[in-house]
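Asks: Sequence:
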Amino acid sequence: MSTERNHRDDSPATATPPDPDPAATPDLEPGGGVPLGSTPPDSAQTSGLSHPQPMPSKAMPAAWLVVIAVLTLMAAAFVVSLAAGWLKMW
Numbered sequence: 006m007s008t009e010r011n012h013r014d015d016s017p018a019t020a021t022p023p024d025p026d027p028a029a030t031p032d033l034e035p036g037g038g039v040p041l042g043s044t045p046p047d048s049a050q051t052s053g054l055s056h057p058q059p060m061p062s063k064a065m066p067a068a069w070l071v072v073i074a075v076l077t078l079m080a081a082a083f084v085v086s087l088a089a090g091w092l093k094m095w
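The numbering of the sequence shown is this note's numbering, which starts it at 6 and goes up by one.
Just so you know, these hints were derived from the structure itself, not from any lab. Heads up, some of the hints might be wrong.
Simulated DEER-style distance windows between Cβ atoms [unchecked claim]: (1) ALA29 - PRO57: 47 to 57 Å; (2) TRP91 - TRP69: 26 to 36 Å; (3) PRO66 - ALA29: 49 to 59 Å; (4) GLY36 - LYS63: 48 to 58 Å.
Beta carbons: idealized from backbone N, C-alpha and C, even for Gly.
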């Protein structure tokens, strides 16, 4: 059984890696350690979500659309009734 997880892509990277180049890092000992008193090289840190985010509710956007549609229809009915003379404002 073949999996894509084991496939290694040897194509050139388009961006520089976040970790410093070990060959260009001063005071780096073989094996990646640093001598006492030296500060290890800084590395980029990324963080992810601590837990899956819940899916947003689809009920509220639908409710807002209904409210906006009702208000629009009421405003249109008001304008039509004014134009037809059914309501006397002044």
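Asks: None of the hints should be skipped; say for each whether it holds.
Replies: For each hint, the structure was consulted:
no., hint, in the structure
1, ALA29 - PRO57: 47 to 57 Å, "violated (39 Å)"
2, TRP91 - TRP69: 26 to 36 Å, "holds (30 Å)"
3, PRO66 - ALA29: 49 to 59 Å, "holds (52 Å)"
4, GLY36 - LYS63: 48 to 58 Å, "holds (54 Å)"
The structure fails hint 1 only (numbered hints given earlier).
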